[in-house]
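Student: Below are the chains, spelled out letter by letter.
Protein chains: 2
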Amino acid sequence: MKSKITLKKIAKEFDVSISTVSKALKNSHEISEELREKIQAFANYYHYKPNSLALNLRSQKTKTIGIIIPEIVHHFFTTVISGIEHIANEKGYNVMICVSNESFEKELLNMEMLANGIVDGIIVSPSKETLRKKDFKHFEALIANGMPLVMFDRTIDEVKCSKVIVDDEGGGYLATKHLIDIGCKKIAIITTEDFLTVGSQRTKGYLKAIKESDLAVRENFIICIDDKHDMNEQIAQLFSLSDPPDGIFAVNEIYAATTMKIAQKLGWNIPDELAIIGFTDGFISEFTNPPLSTVAQHGFRMGLKSFELLLDEIEHQEEGYSHRIEKISTDLILRKSTIKE
Amino acid sequence: MKSKITLKKIAKEFDVSISTVSKALKNSHEISEELREKIQAFANYYHYKPNSLALNLRSQKTKTIGIIIPEIVHHFFTTVISGIEHIANEKGYNVMICVSNESFEKELLNMEMLANGIVDGIIVSPSKETLRKKDFKHFEALIANGMPLVMFDRTIDEVKCSKVIVDDEGGGYLATKHLIDIGCKKIAIITTEDFLTVGSQRTKGYLKAIKESDLAVRENFIICIDDKHDMNEQIAQLFSLSDPPDGIFAVNEIYAATTMKIAQKLGWNIPDELAIIGFTDGFISEFTNPPLSTVAQHGFRMGLKSFELLLDEIEHQEEGYSHRIEKISTDLILRKSTIKE
Chain A
1 MKSKITLKKI
11 AKEFDVSIST
21 VSKALKNSHE
31 ISEELREKIQ
41 AFANYYHYKP
51 NSLALNLRSQ
61 KTKTIGIIIP
71 EIVHHFFTTV
81 ISGIEHIANE
91 KGYNVMICVS
101 NESFEKELLN
111 MEMLANGIVD
121 GIIVSPSKET
131 LRKKDFKHFE
141 ALIANGMPLV
151 MFDRTIDEVK
161 CSKVIVDDEG
171 GGYLATKHLI
181 DIGCKKIAII
191 TTEDFLTVGS
201 QRTKGYLKAI
211 KESDLAVREN
221 FIICIDDKHD
231 MNEQIAQLFS
241 LSDPPDGIFA
251 VNEIYAATTM
261 KIAQKLGWNI
271 PDELAIIGFT
281 DGFISEFTNP
291 PLSTVAQHGF
301 RMGLKSFELL
311 LDEIEHQEEG
321 YSHRIEKIST
331 DLILRKSTIK
341 E
Chain B
1 MKSKITLKKI
11 AKEFDVSIST
21 VSKALKNSHE
31 ISEELREKIQ
41 AFANYYHYKP
51 NSLALNLRSQ
61 KTKTIGIIIP
71 EIVHHFFTTV
81 ISGIEHIANE
91 KGYNVMICVS
101 NESFEKELLN
111 MEMLANGIVD
121 GIIVSPSKET
131 LRKKDFKHFE
141 ALIANGMPLV
151 MFDRTIDEVK
161 CSKVIVDDEG
171 GGYLATKHLI
181 DIGCKKIAII
191 TTEDFLTVGS
201 QRTKGYLKAI
211 KESDLAVREN
221 FIICIDDKHD
231 MNEQIAQLFS
241 LSDPPDGIFA
251 VNEIYAATTM
261 KIAQKLGWNI
271 PDELAIIGFT
281 DGFISEFTNP
291 PLSTVAQHGF
301 RMGLKSFELL
311 LDEIEHQEEG
321 YSHRIEKIST
331 DLILRKSTIK
341 E
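Chains A and B, in that order, are what the protein sequence lines are.
Counting from 1, one number per residue, gives the positions in the first sequence under the UniProt record's numbering.
Counting from 1, one number per residue, gives the positions in the second sequence under the UniProt record's numbering.
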């Protein structure tokens, strides 16, 4: 197999400088016709391709953007990507995706790789580890370097860049209010640990709706799932209470579907004895039986908006760009898990 | 905001050549100490980062691999990526993911971008459009260029590269055989159109199991879903037959879950009147009610194997590498959709 041909190898072959080869390939008249033809024929024969980074050195624009997401086997994040892809293609941009796998170090490595002349801007949702450590120097360095940056979903107040967030508090409020409206009196929430803004915002919306009604806030109705322990056991606690809930709001799809599974195994009738509503309109919610009501967080729309903000910054960077924060509103999707007949 | 600083801009600032700047930044003694210090201080002040191109030209290795998948909101493909990520990280490689969105042109663009000095090798699952058009020139050019290439899941006989495939025929056989073993006499299959190898291989396994038993192959029990039309209507045909099936093998998770939903709406009892088995062990299968039996195709393992083959080729490319084809075997995961009590 032929090894990859480079400017350097061609230069060596003809015993000339790399710059001469480059000029010959660009058909520059600074180089004699004879040498130009020889070099071009040789490069052709070996399928020489100009290195994209050489192009970058010239134009400084790669027409490529980078995305870093915390998880890849994740319906919401992939839906956001499909939104970004959709509009990026329309605007003539390529997209490269990297996964931090919830690791701070991996996020840093991905960011360095992308920022190194490969992309014109980066869209990121930070890893859990980054949020837990509160170490944001890599984002700050990126911004100081003049790289346009947009954060989505999980965002960081301290980092000065454009952001696209879901109205998580509003969504939590909507979901809880819906349970109250259908007559639930004892409403529990299954949420994430506090350092994840999205979970804590949804909890805030839940508390707001509960406090607005005549219902009492009950500590043992607030389950914060700790990733390091068995989720099923943590959820099952709710059903062993002497006075268990009649409505549950789960802040994501997996929590909601798992709650339904556990409740059904224990003989609860859904929705008549227990109404359940989730968050994220993924495939799972559609296929549970009964199908799950949920809060649509519009990942696709979030992707569109994230790219729009990034492109705006790429195009107006030189003029002293002001960052923007866009909030995507949520909607209820009602299905049989909360519709009592 | 400061614009990105480049070798070119530094060179202009000091009125010297790019090569002089580059040497000064590498602390070369060819450049006077005074100029070296000035250039380094300037580069530091403007947060200059060496462009990865320059690094590539030196080492020819980027320690990065590229992946091109046809769809991103897709459990199986993202599971394969998580396998690739897992082992790539262990081996010190970065991973960049691109999405073809089932488009030939997008696949081509992604491939050109990645091959242009950014990655050491590419792992790809071709788009439906590429398979339909049978235009494989971009893969052939890549190979001619000496870029290591591994294809997974959907593969192309004509392209000479290493491949990792699922034992789709074996999986289709296992699933159908299981339905026969639990007493189904009238077994239908819901599959893809023929140009997708994975669907046609699974159908082959189905036909093999049917023919081995005493059951007859019935044309109207083979539903090939045409993406351009409503899936629900195509599946519902089975239930309007005068002699409908008592067992259904669906070649993917969405087909299986949709079939269950349609059947339940029509009042069928699952599994007693109708047993259903799918393919791909995704989240949906776990959360339907009853949960779906399925064929595990081990996406994570497929990811590990794909990277192993690619790395082997990257490391032994110069020695006349021989391509390999690896087949990942499948297993049954039995759940209540086929367990009659």
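Quick caveat, the hints were computed from the structure, so don't treat them as lab data.
Quick caveat, the model's predicted, so the values are computed rather than measured.
Among these hints, one or two may not hold up.
If several chains are the same, the list does not tell them apart, and a pair holds so long as it fits within one copy or across any two.
[What the hints assert, rightly or not] Here are the simulated PhoX-like pairs of lysine-lysine, each with C-alpha atoms no more than 25 Å apart in a straight line: (1) Lys265 - Lys204; (2) Lys12 - Lys160; (3) Lys265 - Lys186; (4) Lys38 - Lys9; (5) Lys38 - Lys26; (6) Lys134 - Lys9; (7) Lys228 - Lys204; (8) Lys160 - Lys134; (9) Lys91 - Lys128; (10) Lys9 - Lys63; (11) Lys265 - Lys340; (12) Lys12 - Lys61; (13) Lys91 - Lys340; (14) Lys133 - Lys204; (15) Lys38 - Lys211; (16) Lys61 - Lys128; (17) Lys327 - Lys177; (18) Lys63 - Lys261; (19) Lys134 - Lys261; (20) Lys26 - Lys177; (21) Lys340 - Lys26; (22) Lys134 - Lys208; (23) Lys160 - Lys133.
Student: Hint by hint, say whether it matches the structure.
Tutor: Each hint, compared with the structure:
| no. | hint | result |
| --- | --- | --- |
| 1 | Lys265 - Lys204 | neither (30 Å within a copy, 38 Å between copies) |
| 2 | Lys12 - Lys160 | neither (48 Å within a copy, 31 Å between copies) |
| 3 | Lys265 - Lys186 | within (21 Å within a copy, 31 Å between copies) |
| 4 | Lys38 - Lys9 | within (14 Å within a copy, 33 Å between copies) |
| 5 | Lys38 - Lys26 | within (13 Å within a copy, 33 Å between copies) |
| 6 | Lys134 - Lys9 | neither (46 Å within a copy, 35 Å between copies) |
| 7 | Lys228 - Lys204 | within (24 Å within a copy, 43 Å between copies) |
| 8 | Lys160 - Lys134 | within (14 Å within a copy, 48 Å between copies) |
| 9 | Lys91 - Lys128 | between (31 Å within a copy, 23 Å between copies) |
| 10 | Lys9 - Lys63 | between (28 Å within a copy, 21 Å between copies) |
| 11 | Lys265 - Lys340 | both (20 Å within a copy, 18 Å between copies) |
| 12 | Lys12 - Lys61 | between (30 Å within a copy, 19 Å between copies) |
| 13 | Lys91 - Lys340 | neither (46 Å within a copy, 54 Å between copies) |
| 14 | Lys133 - Lys204 | within (23 Å within a copy, 53 Å between copies) |
| 15 | Lys38 - Lys211 | neither (81 Å within a copy, 64 Å between copies) |
| 16 | Lys61 - Lys128 | neither (31 Å within a copy, 31 Å between copies) |
| 17 | Lys327 - Lys177 | within (20 Å within a copy, 52 Å between copies) |
| 18 | Lys63 - Lys261 | neither (46 Å within a copy, 44 Å between copies) |
| 19 | Lys134 - Lys261 | neither (36 Å within a copy, 45 Å between copies) |
| 20 | Lys26 - Lys177 | neither (66 Å within a copy, 63 Å between copies) |
| 21 | Lys340 - Lys26 | neither (72 Å within a copy, 72 Å between copies) |
| 22 | Lys134 - Lys208 | neither (28 Å within a copy, 58 Å between copies) |
| 23 | Lys160 - Lys133 | within (18 Å within a copy, 47 Å between copies) |
When each numbered hint is compared with the structure, violations occur for hints 1, 2, 6, 13, 15, 16, 18, 19, 20, 21, 22.
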